[in-house]
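Asks: Sequences are here, hints too, so could you generate the full structure?
Going down the list, the protein sequences come from chains A and B.
Just so you know, the first sequence maps onto residues 1 to 117 in my numbering.
Just so you know, the second sequence maps onto residues 1 to 111 in my numbering.
Rather than coming from a laboratory, the hints here were simulated on the basis of the structure.
Computed from a prediction, not measured in an experiment: that's the story for all the values here.
Incorrect hints may appear among the rest.
To be verified - A few chain B positions that, by computed beta-carbon distances, are all more than 10 Å from chain A:
| # | residue |
| --- | --- |
| 1 | Asp27 |
| 2 | Lys42 |
| 3 | Ser49 |
| 4 | Thr62 |
| 5 | Gln70 |
Said to hold, decoys possible - Dumping the calculated DSS-like pairs for lysine-lysine here, alpha-carbon to alpha-carbon at most 25 Å:
| # | chain 1 | residue 1 | chain 2 | residue 2 |
| --- | --- | --- | --- | --- |
| 6 | B | Lys106 | B | Lys42 |
| 7 | A | Lys24 | A | Lys78 |
| 8 | B | Lys2 | B | Lys106 |
| 9 | A | Lys68 | A | Lys78 |
| 10 | B | Lys42 | A | Lys78 |
| 11 | A | Lys24 | B | Lys106 |
Unchecked claim - Here are the computed distance ranges between Cβ atoms for each label pair:
| # | chain 1 | residue 1 | chain 2 | residue 2 | range |
| --- | --- | --- | --- | --- | --- |
| 12 | A | Thr76 | B | Asp58 | 32 to 38 Å |
| 13 | A | Arg9 | B | Asn7 | 20 to 26 Å |
| 14 | B | Ser52 | A | Leu117 | 45 to 51 Å |
Cβ atoms here follow ideal geometry from the backbone N, Cα and C, with glycine treated the same way.
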Amino acid sequence: DAGVIQSPRHEVTEMGQEVTLRCKPISGHDYLFWYRQTMMRGLELLIYFNNNVPIDDSGMPEDRFSAKMPNASFSTLKIQPSEPRDSAVYFCASSLIRRKDWVNEQFFGPGTRLTVL
Amino acid sequence: QKEVEQNSGPLSVPEGAIASLNCTYSDRGSQSFFWYRQYSGKSPELIMSIYSNGDKEDGRFTAQLNKASQYVSLLIRDSQPSDSATYLCAVLGDSNYQLIWGAGTKLIIKP
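Replies: Dropping the structure here:
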């Protein structure tokens, strides 16, 4: 079974440009999470979806960031306009949560390394 | 503010010895606990999950949970150079489905 798929793996862009990151979760998983990781701030949750519906976007740093999940097998994270401080590794993770016993094992994609010049 | 604390390290352990990684958490209502391993330049990989007090063993890895003291630990027996990585502790609270992440402990296994 394929794991979480992310594209592109690397993105280099100039300040002010629009960036779109893509994620395909593991089939059958009902939760999808977008994270950002930097040396300074560690792993930060940006937003998560349940059954394609955004549940909590309080981690989204600014209005420049937006995320969508049009169907169960695809999600995007968009930054418009991008800034140098957005440079980080962006991870997508998916999970099948069993509420009755609190099982919430998240599986991560390979990440997108974003560099904004 | 719910927090998960880890010693950032680096923790240096000789090959073949036991590596002990520790994590404390602030939310007494936390129900589920996870250890992830992250190699440099790679994504976090789930290696252990634990949901009840006590020990859980999987191969060379043992997770230990003590809810009364609010700590969870990971023991790696017969440490190998390939175990050198950053180990992230994550805790699931009782109020939502978000994981609260520690900053990670960098482990170095010396040949």
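Asks: Work down the list of hints and note, for each, if the structure agrees.
Replies: Going down the list of hints, with the structure as the test:
Its beta-carbon lying about 13 Å from the closest one in chain A, Asp27/B satisfies the requirement of being farther than 10 Å from that chain. With a closest Cβ-Cβ approach of about 7 Å to chain A, Lys42/B is found to fall inside the 10 Å limit, against its non-interface label. Chain A draws Ser49/B into its interface by the beta-carbon criterion, the shortest separation being 6 Å against a cut-off of 10 Å. Every C-beta of chain A lies more than 10 Å from that of Thr62/B, the closest at about 18 Å, which supports listing it as non-interface.
Under the 10 Å C-beta cut-off, the non-interface status given to Gln70/B relative to chain A holds; the minimum distance is some 16 Å. Simply put, Lys106/B and Lys42/B have alpha-carbon atoms about 14 Å apart, close enough for the 25 Å limit, and the pair holds. Using a Cα cut-off of 25 Å, the hinted pair Lys24/A and Lys78/A holds, with the two alpha carbons roughly 15 Å apart. For the suggested pair Lys2/B and Lys106/B, the alpha carbons sit about 22 Å apart, so the restraint of at most 25 Å is met.
Straight-line distance between C-alpha atoms of Lys68/A and Lys78/A comes to about 9 Å, which keeps the hinted pair within the 25 Å bound. In summary, the hint linking Lys42/B to Lys78/A is supported, as the alpha carbons are separated by about 22 Å, within the 25 Å threshold. Between Lys24/A and Lys106/B the CA atoms are separated by roughly 30 Å; this puts the pair beyond 25 Å, and the hint is violated. One distance hint, 32 to 38 Å for the beta-carbon pair Thr76/A and Asp58/B, holds here, with the actual separation near 35 Å.
In this structure, Arg9/A and Asn7/B break the distance hint of 20 to 26 Å, their C-beta atoms being roughly 31 Å apart. Between Ser52/B and Leu117/A the CB atoms are about 49 Å apart, so this pair conforms to the stated range of 45 to 51 Å.
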